[in-house]
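In order, the protein sequence lines correspond to chains A and B.
Reading the first sequence from the start, the letters are residues 1 to 270 in UniProt numbering.
Reading the second sequence from the start, the letters are residues 1 to 262 in UniProt numbering.
Hints listed in this document are in silico derivations from the structure and should not be mistaken for laboratory results.
Any given hint could turn out to be false.
[Claimed, not checked] Derived, one-sided and incomplete: chain A residues facing chain B with beta-carbon distance under 8 angstroms: (1) 40; (2) 42; (3) 137; (4) 187; (5) 195; (6) 203; (7) 215; (8) 244; (9) 248; (10) 251; (11) 254; (12) 266; (13) 270.
These figures come from a predicted structure and were not determined experimentally.
Ideal placement from N, C-alpha and C gives every residue a C-beta, glycine not left out.
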Amino acid sequence: MATRAPNLSSHLLYRSILSKPPTAAGFPKILHQHHLSSPYYSSAFPTEPPYPPTESEILSAALSRVLDHGFTSRALSLGATDAGYLEVSANLFPRREFEIVLYHLVRERMRLGERVQFAEEGGGRTVGARRLGVGEKIQSLVMGRLRANVEVGVQGRWGEAIALMAVPSNVPPSLQELARLADEIWYLSGDTSVDGSWYTKRASLASVYAASEVFMTQDQSTDYKDTEQFVEDRLRDVQTVGSWIGNTVEWVGYTGWAGVNLLRSKGFRI
Amino acid sequence: MLLPSLTKRSASQLPYLHQYQLPVFDFLAPCLATRISQSPRLHFSTSRRRRRAEVQSTDNGSLQATSPKVKTALSDEQRKFLESALRVNQAGELAATLIYTAQTPPIVKAHPHLRPLMKHMYDQEAGHFSTFNNLLAKHRIRPTAMYPVWQFAATALGWTTGIMGREAAMACTEAVETEIGEHYNTQVRVLLGWLEETEKKGEEVPEEMRELVEQIRKIRDEELEHLDHAVGEDAKEARPYELLTSVIRGGCRGAIWISERV
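Next comes chain B alone, as it looks inside the complex (with noise of 0.2 angstroms):
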């Protein structure tokens, strides 16, 4: 009869059940404690020095965690940019070793004097796309899924300024390392942040992410010498210069934001 008052009534309120909870709940405490801890992974930083545990597999093949030891982690938004980073630099250099290759045979065509140019840019877009080849295949990234659309409209981009001349390609080209450059600008700042950051905390840079950082400055430098080529060989004599680049980096940075994410 006093039945369904008393079952109303909350645990708290009947202290005799705190002997029954603590067996239940006391294994959970651990696995809580480090979850807890670890929880807050909401902004870009290295800033917390957190316990990572490494997989290991025992004897009997149970994934577990063994030995903690400190070490410079990467935090899943770390991880997530630099997935996502270096898919769209792979994309991107497919796109200007295809804009090139298309490029060529008219404007060399018309202007014999600038095949070294072509060969020259053409061979380090090619060295800076094997970079990021082997980079995503070192990583296990995916390549974007949008390859062979970016591969479609990198050689009809190539195609067609390459028809309407030297001057429209080298706008187009003009265009796209100005995109590219800034690009890779926000990534080397990303990546010195981190690098300053771990180095602030006195944590051991590995020597993989210094190696990244130098990669991809010596390769923003080369698309910004191409920049100038590209200037120096009178981009922004074609007509119609304004619209031409507009719309041409208009594109890069779709490109770049769709690659980002699939």
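Pulled out of the complex, with its shape left as it was, chain A reads as follows (with noise of 0.2 angstroms):
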């Protein structure tokens, strides 16, 4: 009894170590703050990977256990396990199966560029010969980042990263992830604007593609051929609302400017 005793308490203790989740302040601190955003964007400098390879290493084997065991922890172990690590190591990730859901979301945001590319830059994916306009370019980036979702394998089970995306511990990071996605679309569409339409041009585009990705989760077309549809006309009401509110604008500012110089010219000094 006496020599067995060490033995069983060190199990046990060396099983509570492993089995909590790391709440100390350095963990989350260390993984979290790759997903800082990085202003001031400039291809003179080096910017900094979004996850440390051994991070990187796990969740992209865990996406590929995606498809048969869901957004689940044992996708996460089971990828861990698979990149040649301990099983245990799961545990570094604090938000644990979410933190698949926004690897996914974070990696194909930034290959999005490389996969939907336009004839007039060359290579690659082209679409059509010949020179697209932004809205156009619009659509096929919301298409190309869409079908990501089932190249990487997991739209079958994108219901269940939608569910985990709307927990509400989890919505600020999502919604930070779609900010940023709408305005990689926006940056690769080509469109250069910087004034008051830039909030509206993202936050439009965010919802059309949040409802899109909502859409497709159910669609049972050949191809997602519904879901293209449902992204053109989406885009087209969006565009169609734009318009109308800066012809808007704009005629009550000619009609405005028109009075003031007719007050102009009948004397008054304004």
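Hints are included, so try docking the two chains, each in its own frame, into the full complex.
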């Protein structure tokens, strides 16, 4: 008895150390500072990778397990094993399965530029030979990003991911990532306007994207034809509303100045 | 029976635990080590020569750090400074173009000889505005969220001072350009400090940074030239001079403070 007791207790101690998710200040900090946005983007200065190598390996291995096991802790543990680490390394990720979702979102956002390329830039998957308008580019970028879920093999489980993103504590990082995706799409489409429309453009695109993503989880059509139609329709709606507002503002401004000039011509000192 | 007391003992008192702990934490070591070496980022300097790795998508698409190389890097604080500085500059030039646009018709009507001066100042401001627009688009910096508010405020300010007369309009220019000149001066000083430190370490200064300093310097000189024109056109004769300039300067400082943040 006396000889066995230390062994058993050490086993228990060991288990209690490992089974607790790491809540010490160090861990989450190390993990999550990578998701910070980097203001002042510049090609002249190197940018840090969003995930350190170890985490990247585990998470991308976990992603390939998602089709079978869903966005679950199980997939994360299997991913750790596949990448050649101990199963308990899954404890590295305090947000557990949501971390897989976030990793997928970040990775696909950063790969979008390679996935969808336009004719004038040359190379890659070109869309048509003529110059595309910004609207068409936006549409093919949105579809390209949606199809990435299919190509990575997580589309069948994407409903689970949406449910995870809707968990209250996961909402802020999910929205942030959605905003970055919208910004990335506008950037890749070649839009360079930096005026008051900057915010409305991104907000409306983000809402269209989120709606399309939900629609796509229910889409049974061949090659997601229905989703494509849905995206096209929603983008057209947004464009119509946007141009209506733009025209109204322009008309009010024009009429206002015409009135001021009329008064000036009558001798008012304004 | 011994269990409760034993489980309360710390891991270090049980030497054989080390063989379990090692395999658990050793794969963390490289990750922790690089993190720690980069963590103290709380001051404005490029003095630490940091090893950065570039993002590269490997064949399987995972985001990994590859071949670290030494290159002058911007710290997070420097990026944030550049982001807010360029955003404020764009907002300022937007306001300047709108102030001159609104001032020009009443001023030129009352004093036709000022037409070339107003046009010259407006053209320069429009040039500055497009410079900063391009910089914002290039570096993917969001414009200030107060954009429509500044549009309205600047037009109102320009129009009011324009109607008040030549002296008031020039006092407005004087007040605005004084604030803006100081603001650009601070930026140039900070940027030159960075360049100097980088050179002292023997690292290469990116062409982009030198260009930026030159652009801001040139723009500052032009703004100060407007200040001289304004003083030359009797800005000091405006009534009530003190009240007018101090209100406008306070407004400028407030607008800069807000635009740096949102």
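Status of the hints after comparison with the structure:
| no. | hint | result |
| --- | --- | --- |
| 1 | 40 | holds, 4 angstroms |
| 2 | 42 | holds, 6 angstroms |
| 3 | 137 | violated, 16 angstroms |
| 4 | 187 | holds, 6 angstroms |
| 5 | 195 | holds, 6 angstroms |
| 6 | 203 | violated, 12 angstroms |
| 7 | 215 | violated, 26 angstroms |
| 8 | 244 | violated, 18 angstroms |
| 9 | 248 | violated, 14 angstroms |
| 10 | 251 | violated, 17 angstroms |
| 11 | 254 | violated, 15 angstroms |
| 12 | 266 | violated, 13 angstroms |
| 13 | 270 | holds, 6 angstroms |
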